[in-house]
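Chain A is already provided as a structure; the job is to place chain B on it using the hints.
Quick mapping for you: the protein sequence lines, in order, are chains A and B. Numbered by the numbering used here, the letters in the first sequence go through residues 1 to 97 in order. Numbered by the numbering used here, the letters in the second sequence go through residues 1001 to 1493 in order.
It is worth saying that the hints were derived from the structure and are not from the lab. Treat the hints with caution; some may be incorrect.
[Claimed, not checked] Simulated coverage check for chain B against chain A, where a stretch passes if three residues somewhere in it have a Cβ under 8 Å from a Cβ of chain A:
(1) 1044-1056
(2) 1091-1099
(3) 1132-1138
(4) 1308-1318
(5) 1360-1369
Where a beta carbon is used, it is the ideal one built from N, C-alpha and C, also for glycine.
The residues making up each chain are set out below.
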Amino acid sequence: MSLSLDEVRRVAALARLKLSAAEEQLFAGQLSAILDRVRDLEGLDLTGVPPMTHALAEGEAVALRPDAPAPGLTAEEALANAPDREGSCFKVPRIIE
Amino acid sequence: MSGAVELTGLSLQAASARLAAGAVSSRQLTEACLGRIAATDDRVGAFLAVTGEGALAAAAASDARRAAGKALGPLDGIPLALKDLFLTRGVATTAGSRILEGFIPPYDGTAVARLKAAGAVLLGKLNLDEFAMGSSNEHSAFKPCRNPWDLSRTPGGSSGGSAAALAARQCYGTLGTDTGGSIRLPASFCGVVGLKPTYGRVSRSGVIAFASSLDQPGPLGRTTWDVAALLAAIAGPDPRDLTCAARPADDYLSGLEAGVRGLRVGVPREWFGGGLEPGVEARVREALATYQRLGATLVEISLPHSKYGIAAYYLIATAEASANLARYDGVRFGRRAPGVRGLKELYAESREQGLGAEPKRRIMLGTYALSAGYYQAYYLRAQQVRTLIRRDFDAAFTECDVVAGPVAPSAAFKLGEKTGDPLQMYLADVFTITCNLAALPGLSVPCGLAGGLPVGLQLLGRPFDEATLLRAARALERELGPAPEPTALEERP
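In isolation and in its complexed conformation, chain A is listed as follows (with noise of 0.2 Å):
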């Protein structure tokens, strides 16, 4: 199976990735390969066969807890890893034109 270029840009663009020319070429070989092994999966019967959606065994009980306030970060530790901020806001370039 092999991905095309076009499909390669399609993906990134859902991807919120920039890719090179230089990449695009590398991807889509790459990628294809990774893909024809992965059609190992097709010749297995699977009719009725749930799919896995949790990783915890059945039955396996999780420590849910009180449903009460409790302290957490403060807007200043938040923010201080913020790229760009004004007052207690992330600041972002402008979304409308």
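Structure of chain B alone, referenced to chain A:
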């Protein structure tokens, strides 16, 4: 100076005993480790950051507690280090990626907080493949990590620094994460013990996510006792992780010496069907014979869907990664591309500049597998195969108590050997991946050398039966005697 070298060669257990006996201080252990890191890490590359000042402060606090008769337990005062995927409050955490360069987490991950609460001294952050994606540590955005047994070879990945630091005697224990073999493979390549706990045994809170249904943090150490003690400190329910099991952690230390008499060891015939390096196969078969000699029974089992593991894994893991890595968009933290116009360009440019080839490749594959028209053919199918793989193990565990086999088809490979062909790199995980898909506990324990390089025996167990894995690993370790030490670092270039 010879005293310091002698100190860094101790196991965690032995270092802990010396602390308890008052024969050494945490400050001495910490200074010895920092000295060893300074003397060796330019060649190994295990550490991305060394937090010497914080470590010495923690050591002083530990020594003060001990002097006051208030020592906390076996980890109090013990120098450890963390894969740089664990969030550490106030200490930069990169995930091995340029996109997180300079990111300072505002909180500690749960496992980190538990180690601190147990009195551990944290020496720094360890090298890894970018976002834990890789099998050789060569996808680190910052620098390669080298295998202390042979500096031309990889330590395995993705927790390469976590295993190499132990083999290099730079610390007494480490944490890694395992999504498809990322603890067990480097443990095998570096000749240390590495445990991937059952999914849900150790909290994932504060561990940077790669594939959320497969990721599991776990300990590495130079001995099984060391790994058991570290697991005991980090395992157990956590209200901050809703995929963490409610059942309490077991006592992993008390049954460690109980041996393997009567244990049924399952040997999957599919794992010995060719493709194993002869030296690796020989060491693994000798380990199985040792179990038999010690009173265990070998049972041939079948895991018929193992061969579909790689395909299912690289769909599920990449699909989940494509979603998890969507958060690196240059808005709230991490790298933001300068001088861009508009939000969409901000996302794409920041990701272009910040992410390396392997995360991009996996995001592309995962996005493709989840995109309209392909979901049923790829992701859903892979999740059905996952059910079959789990059923294989369910059936096997009616006939045996642990499954044993190789960790990897080969011993440590050379740097650059597989970087040109991603598929070849992925195949290094062929024996480790089904454990993650079935959400089981798995362990690598050294079982000898092949061509002068360490070989690990892999043991897989029933869900939440880490205690049996550790006991079986300990029986082999006791029989083989003290593991040989790597010598590559002692031969000055």
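Each hint, compared with the structure:
no.	hint	result
1	1044-1056	violated (count 0)
2	1091-1099	violated (count 0)
3	1132-1138	violated (count 0)
4	1308-1318	holds (count 6)
5	1360-1369	holds (count 7)
Checked against the numbered hints above, the structure breaks hints 1, 2, 3 and satisfies the rest.
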